[in-house]
Amino acid sequence: MAQRGIREFDGKRMLAKYWSEYISKDFSFPGKVVLVDPKTKIDDLPKKHKWLTKEKLVVKPDQLFGKRGKHGLIKANASFAEVKKWIKERMNKDTTVGKVTDKLTHFLIEPYIPHKGEFYAAIKSNRDGDTIYFSNHGGVDIESVWDTVSEIQIGVNEDVDKVNIESKLPKDTPKDKRKMFADFSKGLFKFYRDLNYAYLEINPFVVSGKDIVPLDLVARIDDTGHFESSGKWGDLSFPAPFGRKLSTEEQYIKEMDEKSGASLKLTVLNPKGRVWTMVAGGGGSVIYTDTIVDLGYRDELANYGEYSGNPTTDLTYEYAKTILDLMTREKDPKGRPKFLLVGGGIANFTDVAKTFTGITMALKDYKKKLKETNVKIYVRRGGPNYQEGLRIMRELGDELGVPIEVYGPETHMTRIVNMALEGK
Amino acid sequence: MEAITVTKSKKGNKKRPDYLLMDKNTKAIVFGYQQRAIQRMLDFDYICRRDTPSVVAIVNPTRDGLHKCFWGTKEILLPMYRTLAEATSKHSEVDFMVNFASFRSAYPTSKEALESKAIRTVAIIAEGVPENRTKELIKIAKEKNKWIIGPATVGGIAAGGFRIGNTAGMLDNIVASKLHRPGSVAYVSKSGGLSNELNNIIARNTDGVFEGVAIGGDRYPGSTFIDHLLRYEKNPDVKMTVMLGEVGGADEYEVVKALKDGRIKKPLVAWCIGTCSKVFPAEVQFGHAGARAGADLETADAKNKALKDAGAAVPNSFDDFDEKIKQTFDKLVKSGKHKPIPDVEPPRIPIDYAVALKQGIIRRPAQFISTISDDRGEELRYCGVKISKIFEEEWGLGGVIGLLWFKKKLPKWASGFLERVVLLTADHGPAVSGAHNSIVAARAGKDLISSLVSGLLTIGPRFGGAVQGSADHFTQYLYKGETPEFMVKNMKSKNVNIQGIGHRIKSVTNPDVRVTIMKDYAKKHFPITETLDYALDIEKLTTAKRNNLILNVDGCIGVLCCDMLRGIGYSRDEVREFVDLGILNALFVLGRSIGFMGHIMDQKRLKSRLYRHPWDDIQYMMPDKPEVVK
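If you read the sequences in order, they're chains A and B.
Numbering of the first sequence is given in the working numbering, commencing with residue 1 and proceeding in unit increments.
Numbering of the second sequence is given in the working numbering, commencing with residue 1 and proceeding in unit increments.
Extracted from the complex, chain B is given alone in its bound form:
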């Protein structure tokens, strides 16, 4: 793949005639980081066989840099600036801005563009710009002899030349409507949603669209029907015009006037939608802010009649709109005033990967496989179970662990066990290594995550690792069929302490209540307790040597977890696999993170200052001088 940077050509094409707002030389700035719209504009350029992209720069107030996009099959980089001033100063060839700013910022950004030297036309896409602000923009545009398309519009299109943002939809539709080359019919519509249908109707009944503008649904569009029709009137490439007006407002009457006083001479096919407003009993607001029949004059019927009386070709209903357009065009051709423009084959358009994939015409091996959850549908699912179901049926934390770790719907005893483990391991006071580390990091001013990680990193063979270690040790011997006696002896001969055996304070006579709880739970609910039984046999041997060599809480959790895995259907080999994966550490990390975070937040709320270990707690044993290496 070849990457080229768009060169900042100083050759502007500003010598466009006044009546042309956009053509195949138009260079535009897109305000707002609308990546899809930008790509759509470039794709349109490509099928129009433009020499250079129509978008030369992006203004994105929150980020500058470069934006990578496709130019045909190649990738190119478009510069991105934080301010319009910077963009226009570096790209003097620009005279158009497609403004995707929100309803809040559409006004200040459009104002800046209209007041800039470079920009001649601003297309405002946002809906919901306050009418008073639009009126201010209209005033500025008028004073500076500039143009506004919109607000509340999809934009417009110069066939074979320039596309404003998302106008005309998908590429195959653009080709189907022959928009990749200029025809000779220009239209102006209020509705942007219908502009696609207009492109279609015009393409099917004439030699195609030359230019189309959707002025937008607001009460005060930045430019109106008459503004564009007069532009088309002056343009020798436009042979006839089409207008799609609407119920509400009186802008269509400006066109009536111009038809009457001869300012519009080219054939005009016109229709105003909303003739149905008369059947609505109360005031029904249609989609558009401007679409509201106040006075009789504002009804679609009155407008259609006035346009017809003034000499426009007006159908009886929208159903004959296509007929009227065809008749008008055929008449032009018959009279010899116009020779239909021939069709042109567009270049092949590379299909976007995502689109092709959706259509099932390409495939590719995936880089990633995920088998536990899916966030793409209407609702998040854990192992096929909708999140709402998990709540409705109260699956709990244990149930969710079951889904995401084991891909199983766990029985109540198993999920209950997992939850008990989390509760038991949640904390063990501030003095243990992990908590201490977390506290020290928190007091050093580190954020929650750094402090948490600092604590978690201590978990291993010595701290918190006994859970993992005991599971490892006991199953190693049990699954090989060794006797408890052999295990004790064998470990002793290797000089390895059996993990999970022994406690500092607790003993046979002073049992650990946590262990008792877990043992009782397992005995009551677990279908298999082989590892526990094995460990208890070991405990009998070790406590015979010393009273405090009992199965401790870590050991108990470790062996029970193995039994739980067996109980939910895993073979001994699979249990070993889980142990090797570190499942016990996973449980411990899960539980203990609760405690660590508690300590971290505790320290932060206490506003504890930087921890410094006291000198008197350190035995300084520095030699007087280093040993000299010879």
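Extracted from the complex, chain A is given alone in its bound form:
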């Protein structure tokens, strides 16, 4: 649980819904936004959203990545027919943005707004409160014009109405717009704080007649605020970041994770990698992965993952099987050994022998394949009943005929990484 990105659509949807409550009744945001996903029947949309066929439109993907213009992923000043065609050409197609490739699945359609000035407003959370950022030079990489940005810090619990925002706006703010922009900033701030936003950036927004229209919006919400704000959030989803397409195995582990009270995580980084980890504990798993990378084996690192929160024997069994299946699918082309690191720190209360039972069951299932793919196993763990857990593992080595080296808390947590990879 943490700050999580939301779709531009959801940000704009909420903004439009609560505009008059938080921001202003003197000027408005019409909130004409439509989200298209793979299930949307595009041809039915104009029935509900009449403006789609009456106005010129803009369309872009809405999947938590920016710089869409740069990647040729915005179509502006287009008719509804053109928008449909544009979406159809891209829907469910693999697209590369920066270093990441994933399918485009969500698109945002809005009216195209001809405009002159582009402005910048953002609010960001920090330890002492939140900072409002404002500039009259939006629509560009804001870092490049940072000296035009005003920063207004609003302290924790400070009443934004008692802050003279207008006087703190940049000097080059047009006189006729100062009050409007001050009201907008204040209202935006109240909206942001009341709905447990942690980050909100509108770059740019424009003034169109009596309206303020945010053209591009990026936001993160603190999802732990769910019990306070979910009523106002409405039907809000927190999509996985672009490029986090899950493989079958990752999806399977994710589903087990969601169904149980325990925590099970798996990310396959390189299925051909020779170093696989099966580590207990969130922190422990990061440290093992760190150490493999720090020792120079990043190209051999196959996965990241962890199990914690006292998973049942069945869960650990399934988790272990999933990893063993992945790692024993094929031999290393050069015939080198593969390494399985069954690691972990010293558990607080988890019964080590119990969790190891599930792992040993899986290892027994894969006895033949482990031998065929030349797997060497290294174990390090401490905590309640660890002596018994380690004993089970040692005995298993004899039974499987696969080399298993077993260590307890007397051995430094990550030393087995060294032993396996460097032979020290």
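Don't read these hints as lab results, they were simulated from the structure.
The beta carbon of each residue, even a glycine, is placed where N, CA and C say it ideally should be.
Honestly, I wouldn't trust all of these hints.
[What the hints assert, rightly or not] Simulated restraints, written as ranges between beta carbons of each label pair:
1. B:D296 with A:K162: 36 to 44 Å
2. A:D194 with B:K111: 17 to 25 Å
3. A:K168 with B:L230: 27 to 35 Å
4. A:E405 with B:D172: 22 to 30 Å
5. A:F227 with B:L66: 27 to 35 Å
6. A:G231 with B:R16: 39 to 47 Å
[Stated by the list, open to error] Computed list of chain B residues with no C-beta within reach of chain A, every gap over 12 Å:
7. L77
8. K265
9. S433
10. R443
11. L456
12. G465
13. F578
14. W615
15. K625
16. V629
[What the hints assert, rightly or not] The following residues of chain A were derived to be distant from chain B, with all beta-carbon distances above 12 Å:
17. D37
18. K39
19. D44
20. S167
21. R193
22. Q251
23. D325
Fit chain B to the supplied structure of chain A, relying on the hints for placement.
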């Protein structure tokens, strides 16, 4: 066993120096009825040889009273209050609160504690406290010069002094990590899960931990690395410090600043985990809310480099972390600045019964034996059969009765019979004694269970007892080898009606369809029908006397049940044993409860008012005056 109540000492130990949040005199309130955590804190106190328990009171919004727990081998009582205000007013020596409130109530309860006069430090254990609420708490703490540890943390530990909740795990691990006496190394870590590993590493490479705090995984921890490191800096008992940071956020840079401007002079060994974040293509969120590499500055690599440049001892990877700690400590000792603190033998810790039992080192005769079901495993089992299997294979009600009453997997004919009995006995209208009683009780406003019981209590020799009685009567004579003629005569001579014989309306010429159904079923499916046959022979004799002296439905069920028991393998003696146990009444109660409850709910839905028997239905025959006893 001796029970003592913790006395409310007015002697506070609030004259602790500013840099010390907790020590062996700390008295704490635990918010939330976390019985295990409380016991763990007291056990820690005990092996640290504290004079008095560290927990003096519990705040539990749903219950007040006393909580019994162990102090070593003795049992003591801790007072429990509904409000923090009451607890602090009665225990002025308290200055610490371990807050186990949920993510919802962590904010208001911590706020109250920080705003109270007594509490100086609040440890917030809950995960999922909204960031905005934590920020508010941080502001209050700052204004009032107070401390927050957490949220989203296991807490922290002052070796040899005070343990926050569950910190440092099991007692044997605590002793293995020498936490029962203070060492000279203080650490601060973001992760609570790794604090155990830190305790271990520090214990193995130095003279041990003096204090350790896990600040918690949130983006805005109530106190940060620098807050604690500066505290350690001022503490003369701390000779060196260890910090375990993390990818994400910028809090570690406050430490970099303090190293540069000389506010931190004691040797610091530091490492930030998450150096692997660079190999992840997309944004992967690690365990912690704060652990997320946004800008380059927030990467673990950048932090480790900055810390190293500022003068901290930073290893090349976590793998050398232990080495760096050892080198730093050895250097202190070599330079003569520090003399290692000797080890201390901890007192023997009584093992918890449950733990010892699990390890197989003790045993005790059980007070209870249960042979029919087990709810302890992954799945509930009836007589060894998983509940899921019972559903998958559609064992039905009869199958379950078979498992729980007879510990047998019944054949279809037997479970089918039991189900038919339940269906047949489910109700017999509102007028019968039991139903009437249930209805009267329900109308008197009694709850469902009371009303049901009121009906069930009528079941016995006269009402509903014929099922039980007939089984008793027929088997008594049949099993002794007596002829039907003898039985009829013998019962007559004793002036006892044969239970299960006779009906008000039904007769030979007007048979009871319920009896016909049951008889036909038994004839078709039962391997043995000896009792039924015997009863039918009796019926021939009785109906010869009077047309309506037929085997009635109660009698039929009674005898068939005996035959069913014989059919599933019980001997005649065993059948008698079941009859004596009241198995027939059991079946009747099971079935008829359905009807009683139906009547009760019916009355409740009808909103029937209190039943009062009409005067004109009572013949008042009161004498004019009582008979005078001389």
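Verification of the supplied hints:
no.	hint	verdict
1	B:D296 with A:K162: 36 to 44 Å	holds, 37 Å
2	A:D194 with B:K111: 17 to 25 Å	holds, 19 Å
3	A:K168 with B:L230: 27 to 35 Å	holds, 33 Å
4	A:E405 with B:D172: 22 to 30 Å	holds, 24 Å
5	A:F227 with B:L66: 27 to 35 Å	holds, 33 Å
6	A:G231 with B:R16: 39 to 47 Å	holds, 45 Å
7	L77	holds, 26 Å
8	K265	holds, 26 Å
9	S433	holds, 50 Å
10	R443	holds, 44 Å
11	L456	holds, 40 Å
12	G465	holds, 49 Å
13	F578	holds, 39 Å
14	W615	holds, 60 Å
15	K625	holds, 75 Å
16	V629	holds, 74 Å
17	D37	holds, 20 Å
18	K39	holds, 24 Å
19	D44	holds, 33 Å
20	S167	holds, 25 Å
21	R193	violated, 7 Å
22	Q251	holds, 16 Å
23	D325	holds, 22 Å
Taken one by one, the earlier hints fail for this structure only at number 21.
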